[in-house]
Amino acid sequence: VTRAVDVDEIVELIEEATLSLPGSLAPDTDLAGVKGLDSMGLVSFLGLVRDVIGVEIAPKELVRCRTPRDVHAVIAQAAAR
Amino acid sequence: MYFHTFTYALFLWSAYVVFWALRKRRSLRHAALLVASYWFYAGIDPRFVGLLAVSTLTDFVAGAGIARADADERARKRYLWFSLAVNLGILGFFKYYDFFAENVEHAMRALGADAHLWYLGAEHGGPLRYVVPAGISFYTFQTLSYTIDVYRRRVKPCESLLDFALYVSFFPQLIAGPIVRARTFLPQLAAEPLRDDSDVGAGLFQILQGLAKKLVIADVLGAHLVDVVYRDAASIQGAGAPLFALATYGFALQIYGDFAGYSDIAIGSARLLGFRLPKNFDAPYKSKSLEEFWSRWHISMSLWFYHFLYDALGADRRGRARTLANLFAVHLLIGLWHGAGWNFVLWGLWFSVWMVAVRAFRMTALRRSGGKMPASPLTSALGILFTFHVALLGGILFRCTDAASIRASIAVLGDWSQGLPALPWTVWLAIAIGVVSHATPERLDRAIGARFVALPRPVQGAAVALCLYAFLAVTPDRLTTFVYFNF
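In order, the protein sequences belong to chains A and B. Heads up, the first sequence is in our numbering, so the first residue is 5 and it goes up one at a time. Heads up, the second sequence is in our numbering, so the first residue is 98 and it goes up one at a time.
No lab work stands behind these hints, which were simulated from the structure alone. Incorrect hints may appear among the rest.
[Stated by the list, open to error] Here are some of the chain B residues that sit facing chain A, going by a computed Cβ distance under 7 Å:
#1 143
#2 293
#3 375
#4 388
#5 392
[Unchecked claim] With a Cα cut of at most 20 Å, we get these calculated DMTMM-like pairs of lysine to aspartate or glutamate:
#6 A:64 - B:499
#7 A:64 - B:542
#8 A:39 - B:388
[What the hints assert, rightly or not] What follows is a set of in silico ranges between Cβ atoms, one per label pair, in the way DEER data are often shown:
#9 A:12 - B:570: 55 to 61 Å
#10 A:73 - B:548: 55 to 61 Å
#11 B:224 - A:64: 27 to 33 Å
#12 A:73 - B:197: 49 to 55 Å
#13 B:430 - A:73: 34 to 40 Å
#14 A:54 - B:206: 34 to 40 Å
#15 A:37 - B:178: 35 to 41 Å
#16 A:30 - B:467: 31 to 37 Å
Here a beta-carbon is modelled for each residue, glycine too, at the ideal position from N, C-alpha and C.
Just chain A, same shape as in the assembly (with noise of 0.2 Å):
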């Protein structure tokens, strides 16, 4: 089932899915400089996508989102479809 999230849960799944300590990250920050965002990360961000909010994206969605907000926007995006 597909649900609205605002763009603090989203953040808060990016912590969880990088190992990052629980308010690490902002909406607005640079997700170039996230040491955990790497292939497992991504994984693990996408598996919690799906668990959390019932949205299934692919991995080539993220690729041009350079913040949270932006990931937030792909999502906000897929789930409407």
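Given chain A, put chain B in place with the hints provided.
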């Protein structure tokens, strides 16, 4: 009861009919599925059904206890340790005790003491034959993930013992995964299942893909190439370098076909019952780095170690040396998770060393280049070749069960006096299909799946029958078990 048998097909069909007949009656539906799951487990090894129930009860009680303790951190920790002690205690005793005792005995004898320890396994004079309960590593990790997630407040405790027992024992993924986290599965139990015709087509298609990987790739390569060459040290030594090399490449495809095939059948079976399980393999030999390899190979296990062990050790948050030490420890334990044997320890060590070396190299390169790593088609191709061959050579340690075979594997590489013998055409077919399955773009794979789903049901049935006929024509006569059933 193995996935690639007529008995399983009959069992799955019966479960499908009963499950959907009870669609509107939640408790009865879940009870029926639970009985089916325990029946399935008992069909593989009835002696250890009780262990599955103990593990289930332990984590159900632990999860409820953690939730009840609420703000009492000490009580919450007590329940967490209770779960860890019971689950890891059972796993350690049944899977690793004999290995431990054997090595202690060897060490004591080396020191001159006359040691005779008690053993569990019949091959050492103990009371049990085949001492490792089927699927114990998988369901133990699954139940543990639930308790740890409840402890971390990432999932609410399950209030229904029936639902929780079904989460632990759900038959498609009970024996060899995918290891499913509670928040993936429990919400699916809470919702009324939606009967979607496309699920039937998609489930059947994935089961067919799994059977192709198991029967056409894994079993053919196993019977005609890998198991012949890797039988023992003498057969390895007698093979000569070209055949040994081919068998080693063959083993890379065999183990992939065997385990990815199992996962496909598990995911497809679950889909027939309206459940979605996460992908467990994603063309792993296309990985450009070792890190990527572990995010494509046995994904659910990799993620378990990543979320529950690497994270607990501090991941990459405690500086360079600690990050490397954590990577080393995690990959060593991944090796040991696969089995109680020195070959698995060495296999884990092999990956540990390479992971640490590659990560240290990357850290240094990133520092020197100001945070940018060059990427080009050439570096990607080299990355794929390097990663595949690290996995391939590690496969020798995985496949050889004794030191003499490992020594023979090294020695035979110097023997180029023999050419390749004539091999059955099915071996080349299996290799070709294994390679093509990796080279096929995902969108093409999805498009073929979508075409299958869109076919009328009788045509789907005919296609399934035709595929099964073709698979059975190619696969060896003898029934082989799945490699990962042993773990």
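Outcome of the hint check:
{"no.": "1", "hint": "143", "result": "violated, 34 Å"}
{"no.": "2", "hint": "293", "result": "violated, 14 Å"}
{"no.": "3", "hint": "375", "result": "holds, 6 Å"}
{"no.": "4", "hint": "388", "result": "holds, 5 Å"}
{"no.": "5", "hint": "392", "result": "holds, 4 Å"}
{"no.": "6", "hint": "A:64 - B:499", "result": "violated, 44 Å"}
{"no.": "7", "hint": "A:64 - B:542", "result": "holds, 17 Å"}
{"no.": "8", "hint": "A:39 - B:388", "result": "holds, 13 Å"}
{"no.": "9", "hint": "A:12 - B:570: 55 to 61 Å", "result": "holds, 57 Å"}
{"no.": "10", "hint": "A:73 - B:548: 55 to 61 Å", "result": "violated, 38 Å"}
{"no.": "11", "hint": "B:224 - A:64: 27 to 33 Å", "result": "violated, 55 Å"}
{"no.": "12", "hint": "A:73 - B:197: 49 to 55 Å", "result": "holds, 52 Å"}
{"no.": "13", "hint": "B:430 - A:73: 34 to 40 Å", "result": "holds, 37 Å"}
{"no.": "14", "hint": "A:54 - B:206: 34 to 40 Å", "result": "violated, 53 Å"}
{"no.": "15", "hint": "A:37 - B:178: 35 to 41 Å", "result": "holds, 36 Å"}
{"no.": "16", "hint": "A:30 - B:467: 31 to 37 Å", "result": "violated, 24 Å"}
Figure legend: structure checked against the earlier numbered hints; hints not met, in rising order: 1, 2, 6, 10, 11, 14 and 16.
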